[in-house]
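A.B. asks: The primary structure of each chain is shown beneath.
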Amino acid sequence: MRRLSEVLWLAMRDYRHEWVMSGCFVLALAAVLAPMMVLFGLKVGIVGSMIDRLVGDPRNREIQAVGSGRFGPEWFEDMRARREVAFVVPRTRSIAALMDMQAEKGGRILSVELIPTAPGEPLLGEGMPTPGGLHQVVLSDGAARKLEVAAGERLDGSLARTFQGRSERVHLQLEVVGVARPAVFPRDGAFVPLDLLSALEEFRDGRAVPALGWEGDIGEDPLRTYPGFRLYARTVYDVAPLRDALAAQGVEVRTRAEDIDLVQSMDRNLTAVFWLVAAVGLVGFALSLGASLWANVERKRRELSVLRLVGFRTSEIVWFPVFQAGFTALLGWVTASLIYLGVEGSMNRMFADRLEAGGVVCRLLSEHYAVAAAVTLAAAAMAAALGGWRAARVEPSEGLREV
Amino acid sequence: MLIYHLREVVKTRESEGVAFRLVVPSLQIALGEKIALIGQSGCGKSTLLDLLAMILRPTEIGAFRFRPEPGAPPIDIAEHWRYRRLNDLGDLRKQRMGYVMQTGGLLSYLSVRHNIGLSRRLLGLPEDDTIEELADALGIKRHLDKLPGKLSVGERQRVAIARALAHRPSIVIADEPTAPLDPIAARKIMGLFIELVEQMHITVIVASHDWTHVDKLGLRRLSHRTRQKEGGSVTETVVTG
Numbered sequence: 015m016r017r018l019s020e021v022l023w024l025a026m027r028d029y030r031h032e033w034v035m036s037g038c039f040v041l042a043l044a045a046v047l048a049p050m051m052v053l054f055g056l057k058v059g060i061v062g063s064m065i066d067r068l069v070g071d072p073r074n075r076e077i078q079a080v081g082s083g084r085f086g087p088e089w090f091e092d093m094r095a096r097r098e099v100a101f102v103v104p105r106t107r108s109i110a111a112l113m114d115m116q117a118e119k120g121g122r123i124l125s126v127e128l129i130p131t132a133p134g135e136p137l138l139g140e141g142m143p144t145p146g147g148l149h150q151v152v153l154s155d156g157a158a159r160k161l162e163v164a165a166g167e168r169l170d171g172s173l174a175r176t177f178q179g180r181s182e183r184v185h186l187q188l189e190v191v192g193v194a195r196p197a198v199f200p201r202d203g204a205f206v207p208l209d210l211l212s213a214l215e216e217f218r219d220g221r222a223v224p225a226l227g228w229e230g231d232i233g234e235d236p237l238r239t240y241p242g243f244r245l246y247a248r249t250v251y252d253v254a255p256l257r258d259a260l261a262a263q264g265v266e267v268r269t270r271a272e273d274i275d276l277v278q279s280m281d282r283n284l285t286a287v288f289w290l291v292a293a294v295g296l297v298g299f300a301l302s303l304g305a306s307l308w309a310n311v312e313r314k315r316r317e318l319s320v321l322r323l324v325g326f327r328t329s330e331i332v333w334f335p336v337f338q339a340g341f342t343a344l345l346g347w348v349t350a351s352l353i354y355l356g357v358e359g360s361m362n363r364m365f366a367d368r369l370e371a372g373g374v375v376c377r378l379l380s381e382h383y384a385v386a387a388a389v390t391l392a393a394a395a396m397a398a399a400l401g402g403w404r405a406a407r408v409e410p411s412e413g414l415r416e417v
Numbered sequence: 658m659l660i661y662h663l664r665e666v667v668k669t670r671e672s673e674g675v676a677f678r679l680v681v682p683s684l685q686i687a688l689g690e691k692i693a694l695i696g697q698s699g700c701g702k703s704t705l706l707d708l709l710a711m712i713l714r715p716t717e718i719g720a721f722r723f724r725p726e727p728g729a730p731p732i733d734i735a736e737h738w739r740y741r742r743l744n745d746l747g748d749l750r751k752q753r754m755g756y757v758m759q760t761g762g763l764l765s766y767l768s769v770r771h772n773i774g775l776s777r778r779l780l781g782l783p784e785d786d787t788i789e790e791l792a793d794a795l796g797i798k799r800h801l802d803k804l805p806g807k808l809s810v811g812e813r814q815r816v817a818i819a820r821a822l823a824h825r826p827s828i829v830i831a832d833e834p835t836a837p838l839d840p841i842a843a844r845k846i847m848g849l850f851i852e853l854v855e856q857m858h859i860t861v862i863v864a865s866h867d868w869t870h871v872d873k874l875g876l877r878r879l880s881h882r883t884r885q886k887e888g889g890s891v892t893e894t895v896v897t898g
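Sequence lines, in order, name chains A and B. Heads up: the first sequence is residues 15 to 417, going by our numbering. Heads up: the second sequence is residues 658 to 898, going by our numbering.
Chain B extracted, bound-state conformation:
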């Protein structure tokens, strides 16, 4: 049962005469899988994550299907992009996805509790113990009524993880969630994160530049290779998995 099925998806970006191209000849991710995307910064990890999060429009699409629920027919994302149905993509994101950003991405004007509950509120989900339980599991329960500005970077990342999980999405995408942290804290938060995801049966895709601390967590690593083409003016990354 595949949640993602991509074929021949290409994103080209150009800035100051240097082109960057991400090529995905084929990518298949099963429901409930835990995926790691390892590589140095600039290799195209974020671009791939944005493509999978459906917030970045691919330049070329062979096929792009998304099946958030087992048994349901897959959704043709390529078609959504072709007709610029941004609102439909937004609805999908809202219901099916959680996103943990490199740096917080929390709303500075909302308390931790409201930040975590943002997606739940938006979806009109009932108020239950989810927020408390998540905060408890992530060790931020005592901060629930503070503003994010009052928290440390590590605590903010825990809040971001809680927010990504609070509405029980099908998939969580995390872009270097522990990059701003020291290795010990990073390992601890990453462990908590993966543990929670496993408990909740959520598919997860984590990008990281450090293989060592995701190694032990049992994640499947996507392979990619980067090469210079056309005399160095084009950097191309090919991802398969």
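Looking at chain A on its own, in the form it has when it is part of the complex:
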């Protein structure tokens, strides 16, 4: 132990004494390692962002019906029971899902598209209240801006019908319980409870809505069916099986399954490409490092043989170049990491305006740095140990009189 620390001390002295040479080795190592880290950072960053976006954006989990059908309560019960389904709510006829709105304090009248919602709404996300009852809405960002209202304010909603030959218009007081983020819904829309949408459809169809005091024909269809649905799979990977299950029922749907497949295959292909490049780079890197360390040991043969003469053992002499290779590996890794961090920062700034908030093109996790360090150290130590063993095999007298 004492002798090893002695070797470490000597190796450090020598390394510091020959700082120009040491610096060259460190730079040579960093020059190979840094581009590989950038390459891997790009792969992790780009594919990671794509997957994050894919998984994070609920629209990628949406399954939309093409055309209209007849979906009864049992169908919705069945869908809710499925493991792949995260959220399902009926849609009323789209012609009935429009309402004129105006802020209670005045301002313009806006025709707003109503979207049925329920607890667990995937588009609104965490922290947004779910509208309930018949008077609560969550406005889309666009609608809220045009109506000039914020959460907590009141709206006047109105809709008209032609009933028994005459035109009628009813008004309804609405409370804005929340305003969705801009990305959630790009048009003028309002998330409302299904009950409200159903009531509006009843009214338009000329039937009475007692809960809101609207008159009309009595006699509701006891087996209510809906022409459509809003359906979200639990994960992006559940989309394709759900699509297939619905196709088997004869329901034609539109999904983003192809986009998901595309990203997944791109991830696979990019990973394969990276490992190919990394393997070539790593072999080249190990060879160049090994060659330079080997040359270093050859150059130091005389001094190593002096140590041998003084009484260091073979096993201790081997550590001399190994320690120095370790310094090179560590310093080279630190330099490469710093270069990488600089490149990462400027690259992410460069592409910042083309990315969604929080997205990056280049990123490495802490375990990636650790892996880079471990691989570098292992390669360096192996190359140096070979050289050191070679030097230690030389009889001490041989090295002594070499000029």
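In short, the hints are calculated from the structure, not lab data. A quick note: this is a predicted structure, and the numbers were derived from the prediction, not measured. Hints are supplied without guarantee of correctness; some may be wrong.
To be verified - Estimated spans, in silico, between C-beta atoms of each pair: (1) A:Val34 x B:Ala687: 47 to 57 Å; (2) B:Val667 x A:Trp289: 56 to 66 Å; (3) A:Arg316 x B:Leu849: 20 to 30 Å.
As the list claims (entries may be wrong) - Which chain A residues stay away from chain B? Per the calculated CB distances, all over 12 Å, these: (4) Val80; (5) Asp92; (6) Arg107; (7) Gly147; (8) Val198; (9) Gly220; (10) Arg248; (11) Tyr251; (12) Asp252; (13) Ala293.
Quick reminder that beta carbons are idealized off the backbone N, C-alpha and C, glycines included.
Keeping the supplied structure of chain A fixed, place chain B upon it in accordance with the hints.
C.D. replies: Showing chain B alone in chain A's frame:
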């Protein structure tokens, strides 16, 4: 009390068709003796010194015994070589020997103080005044914290002598320690060296090509003769003493 006892030790070296052979029929060196090995370069002095320093493996060994301490049983070096116990030989060198090389052999990255103290550190010897005293005796005290590269050749040789003595070995082997110096400096350094060795009761073997300046120091000269054999393709040197 013999420190070295060699019988029928042979080292053969061959390069570019010319063979060189060193033959030691019998060599006995007593503890505390001062030995001089005089001869022109190429006569095999360095080879013999390397054999005695146990850094060169003999081609044939009749007997090779080394007794570094009076009273202790002799160590069979022949056996160490036969079983390639290089580490044991290294341990012996480390504890028992000092070596002064023709040119420095100092570690360029260590200060003079650390160069002199290298063997002491390696042996875990306590830090005492040894280094200062040696440096003082050799007149290099003011250079203790410099790197060897900053010293003159003569000063470097003084450092090499100090390093060889610092761990108080049983024997010091010096291979032309004054060869790179002018005669006056050479005589002065050689005188200092022998004086120190005598004071410390260390056995010494010095190789030199110049008899005149070791003559007065009371060293025993080993006799050797060199002859060409087999039509000039083999040079053989026989050393006895």
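A.B. asks: With reference to the structure, classify each hint as holding or not holding.
C.D. replies: Results of checking the hints against the structure:
{"no.": "1", "hint": "A:Val34 x B:Ala687: 47 to 57 Å", "in the structure": "50 Å, holds"}
{"no.": "2", "hint": "B:Val667 x A:Trp289: 56 to 66 Å", "in the structure": "60 Å, holds"}
{"no.": "3", "hint": "A:Arg316 x B:Leu849: 20 to 30 Å", "in the structure": "26 Å, holds"}
{"no.": "4", "hint": "Val80", "in the structure": "79 Å, holds"}
{"no.": "5", "hint": "Asp92", "in the structure": "80 Å, holds"}
{"no.": "6", "hint": "Arg107", "in the structure": "88 Å, holds"}
{"no.": "7", "hint": "Gly147", "in the structure": "84 Å, holds"}
{"no.": "8", "hint": "Val198", "in the structure": "67 Å, holds"}
{"no.": "9", "hint": "Gly220", "in the structure": "100 Å, holds"}
{"no.": "10", "hint": "Arg248", "in the structure": "65 Å, holds"}
{"no.": "11", "hint": "Tyr251", "in the structure": "60 Å, holds"}
{"no.": "12", "hint": "Asp252", "in the structure": "65 Å, holds"}
{"no.": "13", "hint": "Ala293", "in the structure": "38 Å, holds"}
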